[in-house]
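Student: Now for the letters of each chain:
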Amino acid sequence: MRHIISILIENEAGALSRVVGLFSARAYNIESLTVAPTEDESLSRITIVAIGTDQIIEQITKQLNKLIDVVKLLDLSDGPHIEREMVLIKVKAATMAQRGDIKRLSDIFRGHIIDVTTSNYTIELTGSGRKVDSFIEALAEHKILETVRSGVSGIARGDKILHV
Amino acid sequence: MELSGGEILIRSLKDEGVEFLFGYPGGAVLHIYDAIYRQDDVKHILVRHEQAATHAADGYARATGKPGVVLVTSGPGATNAVTGIATAYMDSIPMVVITGQVPTAVIGSDAFQEVDAVGITRPCVKHNFLVKDVNKIAETMKKAFYVATTGRPGPVVVDIPKDITDPAIKVPYNYPDKITMRSYQPTVKGHSGQIKRAVEMLLNAKKPMIYSGGGVVLGNASEELRSFVRNLGYPITTTLMGLGSYPASDELFMGMLGMHGTYESNMAMHACDVLIAIGARFDDRVTGKIAEFCPDAQIIHIDIDPSSISKTIMVDIPIVGDVATVLQEMNHIITTGNKQTKKKDIDAWWKVINGWRAKKCMSYDKNSDKIKPQAAVEIVHEITKGDAYVTSDVGQHQMWAAQYYGFEKPNRWINSGGLGTMGFGLPAAMGVQLAFPDETVVCITGEGSIQMCIQELSTCLQYGLPIKIIALNNRYLGMVRQWQEFFYKERYSHSYMESLPDFVKLAEAYGHVGIRIEDPADLRSGLEKAFALKDRLVFVDIVTDQMENVYPMIAHGKAHNEMHLSPHCDLPQDPERELS
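Respectively, the protein sequence lines represent chains X and A. Throughout the first sequence, residue numbering follows numbering that gives the first Met the number 0, covering 0 to 163 in sequence. Throughout the second sequence, residue numbering follows numbering that gives the first Met the number 0, covering 0 to 579 in sequence.
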C-alpha cells in the first residue's frame, strides 16, 4: 500500500542523507521525497511516499524513528489527510488545434498556463499525486517535452498536528 | 579555564571517566596527540593498525560494560577503522570513535588523506557528528557518549577537522553534566499492561521456552534473568551473544540455539507453545527457515529497540523496554501473584527435553590419534576453571569455543557475532587484558583468523599483555571447508591455508613465547605449561584434526528440526523420525 510519511527532523548537515541512506541500505521503495525548512528554522519537514506491505511500512517508520536526528514522525495515511503535489509540464503547442485542446485540458484540471512560446505551453498544476498522474495521462495525445513533479506534501486534516 | 580544541577533547574524555584511548597518530590528529602528550589522565594505547584500535576498544567495552574510545587520523585512518566500527554496530557495543579530518577550509577538495568519514560510517554507526566549531567539542563529546551508551548501545563517530583542534585558538571549557536531546529519548520502562499479559501467557504455557540474547549481557540483566528462569523453572537457551547471561552448568540451561546450537535447544524451539525472547533479535543464524520458526508458539519479545520487534518474526506480545527493568517487573508479578505454573505439563515437557538431551549431541571422537579441537577447548575450560575472559575470531574455532567452553558469567565471552569479523580476537583480547590486568584472557582463534591482525603481537609486547592465544590450527579455513564439504561436493576452493608461518618462531620474533602441540597426549601438559606462564603472552599452536566439523548444524534456510548431527552422538541421522 502507498503511505505518506511526514517527518520532523533536525535541520542539520547530513540529516537528509541519513533518511535517504536508510531507504537504500534496507532496500525500501521510495516513490517521492520532499524536504524544506519549517517555520522553526531548527527543523526540516520531510514527506516521503513509500510503498510496501503493512509490515514493511511498520519497519520503515520504526527505522526512521531510530535515526537520532528524527524528532517526530507521522504516517499520514493512518488518518484523514490532504496531499498535494505540484507539476510543471512543458508541452508542444504549435498548431491552433493543439493550443486549443491543451488549454481546455488545463482548464478542466484547474491548471494554469504560465509560459507561452510560439511552439509550446508550460502548465502549472496542483493536486494529489493521482490527479497529477491523470493530467499527464490526459496529455497522452500531445507531445510532452518536459515534466517536473515536486513530490508529494501532506498534512493531517482537522486538529491533528505534527509539531514539537 | 581556556583550552584549545585538542585539549578540550582529551579533557572531556577524562571528565567522562575514560581510562584508555586506543589509537594511531597521523597528520589530522597531531594537535590532539600533542594534547595527549601533555597529560597523564587518559592512557593512550598505540596499536599497529586502526582496525585493531576499534576491536580493542570494543573488547574493552564488552568486558567492562563501559564505552570503548578510539582515536584515528583522517583518510586511511578512518577507513581502516570502519571494519571495527561495523563490528561494534552489529553487536550493539558502545564506542566513541574520534576521527581526524582535513581542515575545514579544504573539506571537499580531495585534500591529502581526505575521506568523507561521516558519509562512509553513516550506515554502520548509531550516530555520527562532524564538529565545525571549537566551542561545540565538549557538548558534542557529551552527546556522543550519551547516545553510544543509552538505549540500544552502539558506536558513535565524531569527525574533527584539524583546524578545530588548533592549539592557538583557546576557548572556555565547560563539560556538561547532563544532556537532553529532543530527538533521542530511549524507552526504559516496559508497558505494564503488556508485561502482565506476558506473565499470564507464560504461566499458562505447557511447553515454554526462554530464549535470551546479547541484550541481557549489554543491559546488565543476568541477575534478573537468573531469578526469572528459576522462578519459572522453564528451559532456557541463549544465542551466541547471550552466552554467560545464564550459567552453562545450570540444569535449566539447554545450550546455545540456532545454526550450531544443541539438538535439545533446537528441537525444543520447534516444539514449544510459548516462546519468550529476551534481548535477542531473531537473527537468521538463530531462526533458520522463517516460515517454520517455532510453528506452534505464541511469542513474547522484550527488547529496548522497537525496530527489533516483529522485524523478521511477528510476535504476539511486544514489550519495548530495558531488559533488566522489565524482568524485575515480571519477577515481582510471578513471585507475589498467586498464580502457579502448570506443574504437570511442565514436568512432562522436561521429560521430552531430557529425552532429547540423552542423545548427547555434543559428543565427539575421544579416541582419535589426532587432536580434536573440542578437547582443546574443554581443557582450556578446566585449566582456567571456566572463569577466563575468552575472545575469539570467526569460524569453526569460534563455534567450538562457544559450544565447549561453558560460560558461567556474563561479559566473559567476547566475539564478533553479527558481523563475523575475522581478526577480531587478538585486539579484542588486548582491550580485555588492559581492563583486567590480573585476569586470565584467552584468545581462541584459528590459523586463518589470527593472521588478519597478527601485527598486534607487537602492541601486546609494548604493554605487557599476557594473553594466551590458543590457535586451533587445522590448515584450513575450517568453516569454509565444512560448507564446501557439505554443499559443494568437497570442492575445496581456496579454503586451504598454504605457506603458513611457523607460529612458534613468529611469536618468538615478536618477543613472546610460542608452544606447538601436535600429539593428543601432549595437549593437556602443553596447555598447562602455557597457562603457567602467567606474565607472558603465549602463542599455543595446536595442530588439530583437519577434517573435524562443527555439529550440530542447521543448513542455511532449513528449519530447527532439520539438523546435521555428529556421527558420534547416540542418535539416528534422521531427526524427523524422532519427532513422530
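Keep in mind that the hints were calculated from the coordinates and are not lab data. Everything numeric in this text was worked out from a predicted model, so none of it was measured. Incorrect hints may have been included.
Simulated pairs of lysine-lysine, DSS-like, Cα-Cα distance not exceeding 30 Å [stated by the list, open to error]:
no., chain 1, residue 1, chain 2, residue 2
1, X, Lys65, A, Lys131
2, A, Lys195, X, Lys61
3, X, Lys71, A, Lys288
4, X, Lys65, A, Lys142
5, A, Lys195, X, Lys65
6, A, Lys188, X, Lys159
7, X, Lys65, A, Lys365
8, A, Lys310, X, Lys91
9, A, Lys205, A, Lys557
10, A, Lys288, X, Lys61
11, X, Lys65, A, Lys205
12, A, Lys557, X, Lys71
13, A, Lys65, X, Lys61
14, X, Lys65, A, Lys188
15, X, Lys71, A, Lys205
16, X, Lys91, A, Lys350
17, X, Lys71, A, Lys310
18, X, Lys91, A, Lys195
Quick list of the computed label-pair ranges, beta carbon to beta carbon [stated by the list, open to error]:
no., chain 1, residue 1, chain 2, residue 2, range
19, A, Pro566, X, Gly51, 44 to 52 Å
20, X, Arg98, A, Ile289, 53 to 61 Å
21, X, Pro36, A, Gly118, 20 to 28 Å
22, A, Gly118, X, Thr37, 52 to 60 Å
23, A, Arg37, X, Arg25, 31 to 39 Å
24, X, Asn64, A, Ser367, 51 to 59 Å
25, X, Arg25, A, Leu45, 52 to 60 Å
26, X, Pro36, A, Gln112, 39 to 47 Å
27, X, Ile143, A, His190, 27 to 35 Å
28, A, Val187, X, Gly13, 24 to 32 Å
29, A, Pro122, X, Gly157, 56 to 64 Å
30, A, Lys288, X, Arg109, 52 to 60 Å
Think of the CB as a built atom: it goes at the ideal place given N, C-alpha and C, for glycine as much as any other residue.
Student: So, for every hint listed, does it hold in this structure?
Tutor: Hint check results:
{"no.": "1", "hint": "Lys65(X) with Lys131(A)", "verdict": "holds, 25 Å"}
{"no.": "2", "hint": "Lys195(A) with Lys61(X)", "verdict": "holds, 24 Å"}
{"no.": "3", "hint": "Lys71(X) with Lys288(A)", "verdict": "violated, 35 Å"}
{"no.": "4", "hint": "Lys65(X) with Lys142(A)", "verdict": "holds, 16 Å"}
{"no.": "5", "hint": "Lys195(A) with Lys65(X)", "verdict": "holds, 27 Å"}
{"no.": "6", "hint": "Lys188(A) with Lys159(X)", "verdict": "holds, 27 Å"}
{"no.": "7", "hint": "Lys65(X) with Lys365(A)", "verdict": "violated, 50 Å"}
{"no.": "8", "hint": "Lys310(A) with Lys91(X)", "verdict": "violated, 49 Å"}
{"no.": "9", "hint": "Lys205(A) with Lys557(A)", "verdict": "holds, 26 Å"}
{"no.": "10", "hint": "Lys288(A) with Lys61(X)", "verdict": "holds, 24 Å"}
{"no.": "11", "hint": "Lys65(X) with Lys205(A)", "verdict": "violated, 36 Å"}
{"no.": "12", "hint": "Lys557(A) with Lys71(X)", "verdict": "violated, 40 Å"}
{"no.": "13", "hint": "Lys65(A) with Lys61(X)", "verdict": "holds, 27 Å"}
{"no.": "14", "hint": "Lys65(X) with Lys188(A)", "verdict": "holds, 17 Å"}
{"no.": "15", "hint": "Lys71(X) with Lys205(A)", "verdict": "violated, 42 Å"}
{"no.": "16", "hint": "Lys91(X) with Lys350(A)", "verdict": "violated, 81 Å"}
{"no.": "17", "hint": "Lys71(X) with Lys310(A)", "verdict": "holds, 21 Å"}
{"no.": "18", "hint": "Lys91(X) with Lys195(A)", "verdict": "violated, 67 Å"}
{"no.": "19", "hint": "Pro566(A) with Gly51(X): 44 to 52 Å", "verdict": "holds, 46 Å"}
{"no.": "20", "hint": "Arg98(X) with Ile289(A): 53 to 61 Å", "verdict": "holds, 59 Å"}
{"no.": "21", "hint": "Pro36(X) with Gly118(A): 20 to 28 Å", "verdict": "holds, 22 Å"}
{"no.": "22", "hint": "Gly118(A) with Thr37(X): 52 to 60 Å", "verdict": "violated, 25 Å"}
{"no.": "23", "hint": "Arg37(A) with Arg25(X): 31 to 39 Å", "verdict": "violated, 45 Å"}
{"no.": "24", "hint": "Asn64(X) with Ser367(A): 51 to 59 Å", "verdict": "holds, 54 Å"}
{"no.": "25", "hint": "Arg25(X) with Leu45(A): 52 to 60 Å", "verdict": "violated, 38 Å"}
{"no.": "26", "hint": "Pro36(X) with Gln112(A): 39 to 47 Å", "verdict": "violated, 34 Å"}
{"no.": "27", "hint": "Ile143(X) with His190(A): 27 to 35 Å", "verdict": "violated, 53 Å"}
{"no.": "28", "hint": "Val187(A) with Gly13(X): 24 to 32 Å", "verdict": "holds, 28 Å"}
{"no.": "29", "hint": "Pro122(A) with Gly157(X): 56 to 64 Å", "verdict": "violated, 38 Å"}
{"no.": "30", "hint": "Lys288(A) with Arg109(X): 52 to 60 Å", "verdict": "holds, 54 Å"}
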